[in-house]
Amino acid sequence: MDLFPLWLSLKVSVTATVLTLATGLPLARLLARRRFPGRDLAETVVVLPLVLPPTVLGYYLLVLISRQGAVGQVLDAAGIELAFTWRAAVLAAWVGSSALFIKAAQAGFESVDGRLEQAARTLGRSEWSVFWSITLPLASRAVMAGTVLAFCRALGDFGITLMVAGSIPGVTQTTPLAIYDLVQSNRMTEANTLSLIAVATVTLLLMGLGRLARLRF
Amino acid sequence: MTRAGLLALLLVFAPLRPADAQPVQPTLTVYAAADLQMAFGELKPLFEKVSGARLTLVMGSTGNLAKQIEHGAPADVFFAANESFVDDLKAVGAIISQTRALYAQGRIVLAFPKKSTSSLRELPDLLRPEVRRIAIANPAHAPYGRAAQEALERLGLWDRLRSKLVYGENIRHTLQFIQTGAVEGGIVALSVADVPEVTYVPIDPKLYTPLNQVAAVVRRSPHPELGAAFIQFVGGPEGRPIMKRYGFLLPGEF
Numbered sequence: 001m002d003l004f005p006l007w008l009s010l011k012v013s014v015t016a017t018v019l020t021l022a023t024g025l026p027l028a029r030l031l032a033r034r035r036f037p038g039r040d041l042a043e044t045v046v047v048l049p050l051v052l053p054p055t056v057l058g059y060y061l062l063v064l065i066s067r068q069g070a071v072g073q074v075l076d077a078a079g080i081e082l083a084f085t086w087r088a089a090v091l092a093a094w095v096g097s098s099a100l101f102i103k104a105a106q107a108g109f110e111s112v113d114g115r116l117e118q119a120a121r122t123l124g125r126s127e128w129s130v131f132w133s134i135t136l137p138l139a140s141r142a143v144m145a146g147t148v149l150a151f152c153r154a155l156g157d158f159g160i161t162l163m164v165a166g167s168i169p170g171v172t173q174t175t176p177l178a179i180y181d182l183v184q185s186n187r188m189t190e191a192n193t194l195s196l197i198a199v200a201t202v203t204l205l206l207m208g209l210g211r212l213a214r215l216r217f
Numbered sequence: 218m219t220r221a222g223l224l225a226l227l228l229v230f231a232p233l234r235p236a237d238a239q240p241v242q243p244t245l246t247v248y249a250a251a252d253l254q255m256a257f258g259e260l261k262p263l264f265e266k267v268s269g270a271r272l273t274l275v276m277g278s279t280g281n282l283a284k285q286i287e288h289g290a291p292a293d294v295f296f297a298a299n300e301s302f303v304d305d306l307k308a309v310g311a312i313i314s315q316t317r318a319l320y321a322q323g324r325i326v327l328a329f330p331k332k333s334t335s336s337l338r339e340l341p342d343l344l345r346p347e348v349r350r351i352a353i354a355n356p357a358h359a360p361y362g363r364a365a366q367e368a369l370e371r372l373g374l375w376d377r378l379r380s381k382l383v384y385g386e387n388i389r390h391t392l393q394f395i396q397t398g399a400v401e402g403g404i405v406a407l408s409v410a411d412v413p414e415v416t417y418v419p420i421d422p423k424l425y426t427p428l429n430q431v432a433a434v435v436r437r438s439p440h441p442e443l444g445a446a447f448i449q450f451v452g453g454p455e456g457r458p459i460m461k462r463y464g465f466l467l468p469g470e471f
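Listed in order, the protein sequences are those of chains E and H.
For the first sequence, the numbering used here gives the first residue as 1, with consecutive numbering after it.
For the second sequence, the numbering used here gives the first residue as 218, with consecutive numbering after it.
Just so you know, the hints here were simulated from the structure itself, not pulled from any lab data.
Check each hint, because a few of them may be wrong.
Unchecked claim - Interface residues of chain H toward chain E, partial, derived using beta-carbon atoms under 8 Å:
id: 1; residue: Met255
id: 2; residue: Thr273
id: 3; residue: Val275
id: 4; residue: Gly277
id: 5; residue: Lys284
id: 6; residue: His288
id: 7; residue: Gly289
id: 8; residue: Ala290
id: 9; residue: Pro291
id: 10; residue: Val412
If you're wondering where the values come from, they're calculated on a predicted model, not measured in any experiment.
Glycine included, every Cβ here is placed at the ideal spot set by N, Cα and C.
Turn these sequences into a full structure, and let the hints steer you where they fit.
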């Protein structure tokens, strides 16, 4: 049995989760703490990927990143090929899962008492330091929950990946796509095995992570 | 975090094309309609042996695959379930026109779960009250669904059966409704109907417009001659018996 889809899925979803953290943390903090024009709009835009049907969202993304697309042309000029590569699967997983992280983290940041941050500031801490030593630790549960949600959503993405990365075996065929392909070919035993391995891996991973989290916080 | 984020972005989107990973064996990527899944699965090792090339099969709904090819998917050859999709790609210059070839004609059958108590013999049997749900592929975009609708309309059954219809996304999905016993009957492609859980009977081909299935080599393909060779292989002495066994009507037979 070909285990490539599992490795690819792990690689894609871990990379996508790192990307989600890197982009989602500042955005969640911004939405939680600042009032700026267009904030309500931004908050809506963040959750839109959850609203559209994944394959349709994937199609829009494909149009954008393909060689003729607005973003694709720029990437192509820079010698970067995105559509139909594993990096497109990362993009898909990131787009599909960011909203879950951002909403959870935002709620976490909003529940942190602003006066604690204020106190740290009066003691001469920089914004950067306030965030890392006060805000984030106090919101850690929500941030962790959001990370786990986003990771699982990234791991399970089907529709967006199918459109922007394709279901190319050995290249972009992630676990969900591989399972679907096996079911379509009526190879049910292999489909069941792969499903089972995927579920077991994630169960172990999350249980391990949960234990780690309790130790730390 | 922002710095780490930038680094992550760079790592992910940096061009990681290994210059030294020149494959000795050429790889032919075939984009093919879902109804070919079983037949092509069998053809794959044979073609690999004859050509020395590696064959990667990407199966999906003809519409989705066509869209991806239009937007630069790394396909070498495209086998569509219906000629209209290939002709649309021809219009935008995504395929090599001279390679367009009719490779088969699809047929539809009336299928029902083996476990079901009443066996169906002809389309009007679908009117029976014990047939509560009927699966067909979505006629809005799936060629076999369109053929199913046409046959039902021709017999004046369409409006009477409409409330019982369940649409599958593609023909394999439609078959799954029947395989699992979720519906009491349905209309699927002959090419996918041969599974242990399902019994099927032919539908008169005069009742629907022939499903002309067309293949073509994609313009972007780095080895168009290999792609053309695969199209020939499917219609050649090795391919024909397999395609026939999976219920495709081959050129020269219709």
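>> Tell me the hint numbers this structure goes against, listed in increasing order.
In response: Hint check: nothing fails, all pass.
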